[in-house]
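Visitor: Read off the chains here:
There are 2 protein chains.
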Amino acid sequence: MAREDLESIVEEVMQELLHSNHTSSEVPIGVSARHCHLDKASLETLFGQGYELSEKAPLSQPGQFAANETVTIAGPKGSIAKVRILGPLRSSPQVEVSQTDAFKLGVKPPIRQSGQTKNSSPFTIIGPKGSLYLEEGLILAQAHIHMHPDDADRFQVRDGEVVEVAVNNQGRAVRFSKTVIRVSDKYQLEMHIDTDEANAGAIQTGQKGILTKGAPTYV
Amino acid sequence: MAREDLESIVEEVMQELLHSNHTSSEVPIGVSARHCHLDKASLETLFGQGYELSEKAPLSQPGQFAANETVTIAGPKGSIAKVRILGPLRSSPQVEVSQTDAFKLGVKPPIRQSGQTKNSSPFTIIGPKGSLYLEEGLILAQAHIHMHPDDADRFQVRDGEVVEVAVNNQGRAVRFSKTVIRVSDKYQLEMHIDTDEANAGAIQTGQKGILTKGAPTYV
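Chains U and B supply the protein sequences, listed in that same order.
Each residue of the first sequence is one higher than the one before, counting from 0 in numbering that gives the first Met the number 0.
Each residue of the second sequence is one higher than the one before, counting from 0 in numbering that gives the first Met the number 0.
To be clear, the hints were calculated from the coordinates, so they are not data collected in a lab.
Note that identical chains are pooled: a pair holds if it fits in a single copy or bridges any two copies.
BS3-like, lysine-lysine: derived pairs with alpha carbons at most 30 Å apart:
{"id": "1", "residue 1": "K107", "residue 2": "K76"}
{"id": "2", "residue 1": "K103", "residue 2": "K81"}
{"id": "3", "residue 1": "K103", "residue 2": "K55"}
{"id": "4", "residue 1": "K103", "residue 2": "K76"}
{"id": "5", "residue 1": "K117", "residue 2": "K128"}
{"id": "6", "residue 1": "K81", "residue 2": "K39"}
{"id": "7", "residue 1": "K81", "residue 2": "K107"}
{"id": "8", "residue 1": "K185", "residue 2": "K212"}
{"id": "9", "residue 1": "K55", "residue 2": "K185"}
{"id": "10", "residue 1": "K107", "residue 2": "K117"}
In isolation and in its complexed conformation, chain U is listed as follows:
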């Protein structure tokens, strides 16, 4: 690279640094254990006609909750019991597991954002009143940050943007370079990673990561 090109890039970066508004870029992190979302039809197949989920505890995202109910998830190589159902009900069933879980089940789920289950892995859900084989709906969740439009303004990011989040712990420090921003006025600021990602960085729920804008560069 010619020195002049480098100088012009550096000048741009300096301007950005000098004129940035120095707002905090800290984002609280929540570690998502494997979990299950159901629709009305699948809930009734698994738990019986007219069954309704009961709330065990509220989640950080307003209106969402962990239910008292759990199911067993099974694949060609194994099963995992006591997978927590999250409410409220959705328009279609979806299960999010870690890669560690996927090896145990014997499936190769794609890494997706929640709700994007097209052509994801097939699996079986077993409840107390029935079981269900689903052609798709099993995914690994891509790391993402829920945020309110006010947070998006503050961080100067938009829905769907990919950012990097760094977490610095004793012995392990990681940067998640493909973290997707998800903006809604129903959301509260929180980054969600799965248990594999948490373990890789020795991260616990409640810890904070540092958000950096822009796709990472691999020098």
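With chain U's structure known, arrange chain B on it following the hints.
Guide: Same frame as chain U, but now just chain B:
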């Protein structure tokens, strides 16, 4: 930060960029499954007097091998069977597990470099001829790169230095920002991460990471 300070930092960075020798910074990655190192005394307790390990397959590091023999590892909350023994024998026993395994065993091992087992977690090893309770020796391995002195020259790093390694995959890209360099003329170039770290980045053995010198900055 004053503009002059920033300018002097930027000038330093530019000099480094302009004068870097542009050698490849790619490092092959090996994913380490949980494994066990034994000394002569522990091998004889677990497998019988005069027992010797037999080689199942050579490892990437010259002289090291995966043995045919496996043991069971146990902690206060659970056990894990078929933990592979790696040879040759060492001066003291050591077991490396993932954080996922540690939860299952019910222990909280520190993140350490291999060989640094002082005040690490206690555990039980069970073999076909006996079992052994060890006061320490169970660790989570810190990500590290084995390299020959020639590689160290090429990368301009030294033994013990902490570098960052980036891996960019579909859906997941991570940077391991506390990767320790380990230099020996007995080593062959390879980065070792554990299964949690591999899963967090959708990484498989044989894939390459990009090494970047210097401790990471958290802007």
